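Student: Chains as they are written, first to last, in this note's numbering: chain X, 1 to 399; chain Z, 1 to 358.
Honestly, the hints are just simulated from the structure, not real lab data.
Since the model is a prediction, treat every value here as computed from it, not as a measurement.
Possibly wrong hints are sitting among the right ones.
[Claimed, not checked] Which stretches of chain Z does chain X cover? Using the computed rule of at least three CB atoms under 8 Å from a CB of chain X, they are:
no., stretch
1, 132-139
2, 157-167
3, 321-330
4, 338-349
From the three backbone atoms N, C-alpha and C, an ideal C-beta is built for every residue, glycine too.
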Amino acid sequence: MFGLSSKHDRTILIVATLFMLLAPVIFNLFPENSALAFFNGGYPDLMQRFAIFAILATGFNILFGLTGYLSFGHAAFLGVGSYSAVWMFKLLGYNVLPAILLSIVVAGLFSVVIGYISLRRSGIYFSILTLAFAEMSYRLAYSVLTPLTNGETGLQVYNSDPQVLAGANSPTSPHLFGIEMSSAFDINLGPWQFTFPVGYYLCAILMLISFYIAIRIFRSPFGLMLRAIKSNQTRMTYTGLNPKPYTLAAFVISGMYAGLAGGLLASMDPLTGAERMQWTASGEVVIMTVLGGAGTLLGPILGAGVIKYLENVFSKMNETLLETWFAFLPDSLQHAVVWVLSKFTGEGWHLTLGLIFMVVIIFLPGGLVEGGQRIGKRFSRRKSSGNDDDNAAASEPAE
Amino acid sequence: MDAFLLQILNGLDKGSAYALIALGLTLIFGTLGVVNFAHGALFMIGAFCAVTLSRILGASYEVIDPTKTDFLGNPAKVQMPYVNDWFGPVAGPALQDWAVPLAILFSIPVMLLVGWIMERGLIKHFYKRPHADQILVTFGLAITLQEIIRNFYGANPIQTPAPEAFTGSVDFGVWLGFAENAIIYPEWRLVYFVFAGIVIAGVFAFLQFTTFGMVVRAGMADRETVGLLGINIDKKFTIMFGIAAAVAGLAGVMYAPINSPNYHMGMDFLVLSFVVVVVGGMGSLPGAVLAGFLLGILESFFSNSSFKGWIIENLYLDGTFLASFIQGIDQIIIYLVAIVILLTRPRGLMGRKGVMED
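All chains should be built: construct the whole structure from the sequences, respecting the hints.
Tutor: Rendered as structure tokens:
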């Protein structure tokens, strides 16, 4: 129906759809007042971030996973998308549709320019060029472009803004034809409480659409060309093909994905600042994609989800909480355990992130997806009658 | 003319830091072929060596000083540094005062060790992996090191003053025959520049005039042949990694009084020093040093408002958008230069052919 080439892809898409639609239930697995409610992740804010960064990582994966060009400047497109979305709010009104469309278009144009210049070099030089462009955008947003970006204050919507499309009684927060992004409806099922936020569902639907497009790109002749670039560019030129248009197209597509993500970020919370463009933000996208598995379909989404979820859980853990958890230990031991763990939680979450990232790169170059496949293979070998189609459920790496 | 000289001098201290970091990066890259994103973290660890030593020397205990009283009339408690007990009342405070220069001695073994552990423990396993993997793993390492430092030293910048003798300024212009007070320059920055010059000269002399350096240079040119001649080149390269780490660490130690060390200073310098390496030409040691100083000076020129005003006036740009662009250009001039150089002179200023051009 969707023109998916294999049964495999259809399964992935159906599973992803079900997962995204039921996420508010799946993430709130534990009853509200139980001790494990701490591990719930079903807040609107977190789930939105999960969907948005999944879009960003999926787009990044089209560039890095398929062509092997490692861009360290993707945050610039995210920032440009956010800025253009907020400008739409300021000029036209709070409807998210024009904002998201403009953010995709502007990020696309921006990535054509940067991509055209950066793609003249490859390898480490390409990484440094994109890094330089992103740092430049970040610094310009703070200094010269202040009229456009509002400098350090960050761009936001004021009452004095024109908002020409806004009617007399249209909502005063981002909405889609009257449905406000911040609204949600709750379902209480005994001790369980599930929130179904509107903003999340918009992000989730857009994420599924972009995921579907990514599957189509992966399975298309165009995707095959991109893989050819990664595996051997020289041979590709010898066969009479010019890799340049393909890489540029991949770069622009992934830039548009980043623009979409930026526009959505602004739609969920209509203000934006230049720190979204800093190169460490680009690093985060790289980490997500590689952690999940670069070059695989599900990897980037998995990586974005895992990182955003762990970030939430680890940042919430503080010493008081840890002390109550380890209260059963003898006193001195409790203090020692809490002291060690407190270095890795709360403020120290980035330390944990760095360590996880290093461990994954060292031992699992294919990311979590490869880890899953290895475990799956071990199980199927043990059973010896394992059904190959089912266990490797994720997807095969690009190469 | 004196304003011109002053801008050059202003660019030298930052330029020296760029040059030292870029030199270390190029050493690692030239010998081991690894793109080390954790090099900025080594610079930061160096700066924190200075912090650590000044803390060790400042460690104190409380004593009751009968000659003084606090506001209630009780005998006052005074902090008594241990070094005062051990080295006497003259040498003790002097040691504390000179903590930063002394940290040079302290940091060299520390940095050599850190470099050795990094190379043997982690980077060794990444020689055969793609460059993207090397970048990623060293990027992860940089985050980890930075967060470890933040865990122990907190997120705020820590002031680490230079010795009392170097906190003043010198009237540099008088030495060169200009009018008095024309060129005032902080002494420590002058010290930093001289120090950087000595370290750079030392590294070059070491590579040029010792047998060890000769072997290393041969290994940089053709690793396989040197290995075939029965020389354990891996071992030598590991030592070079340690030396590169020590160079970055020394740059950090001496930079501590100029810019109070904080945990993300490494990341801030890392991007710039990569740009420096690329402008200088990947794998070229003199290129890295030259580009470091040039870019430092360039940045200092473009952060001077009268120089920018001069450009605007002479190009008749007053009132246009470009005028406001040039006013803010000091933030991005280095990146702009890097992009132009990368596109017009792909091998940088002094790069050799065939380095990382896959």
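Student: Now, for every hint given, state plainly whether the structure supports it.
Tutor: Going down the list of hints, with the structure as the test:
1. Counting residues of the stretch 132-139 of chain Z whose beta carbon lies closer than 8 Å to any beta carbon of chain X gives 6, which reaches the threshold of three, so the coverage claim holds.
2. Remark: the stretch 157-167 of chain Z is not confirmed as covered by chain X, as 0 of its residues place a Cβ nearer than 8 Å to a Cβ of that chain, below the required three.
3. Note: the stretch 321-330 of chain Z has 5 residues with beta-carbon separation from chain X under 8 Å; the three-residue rule is met and the coverage holds.
4. Requiring three or more residues with a Cβ within less than 8 Å of a Cβ of chain X, the coverage given for the stretch 338-349 of chain Z holds, as 5 such residues are present.
Against the hints set out earlier in the document, a violation occurs for number 2 only.
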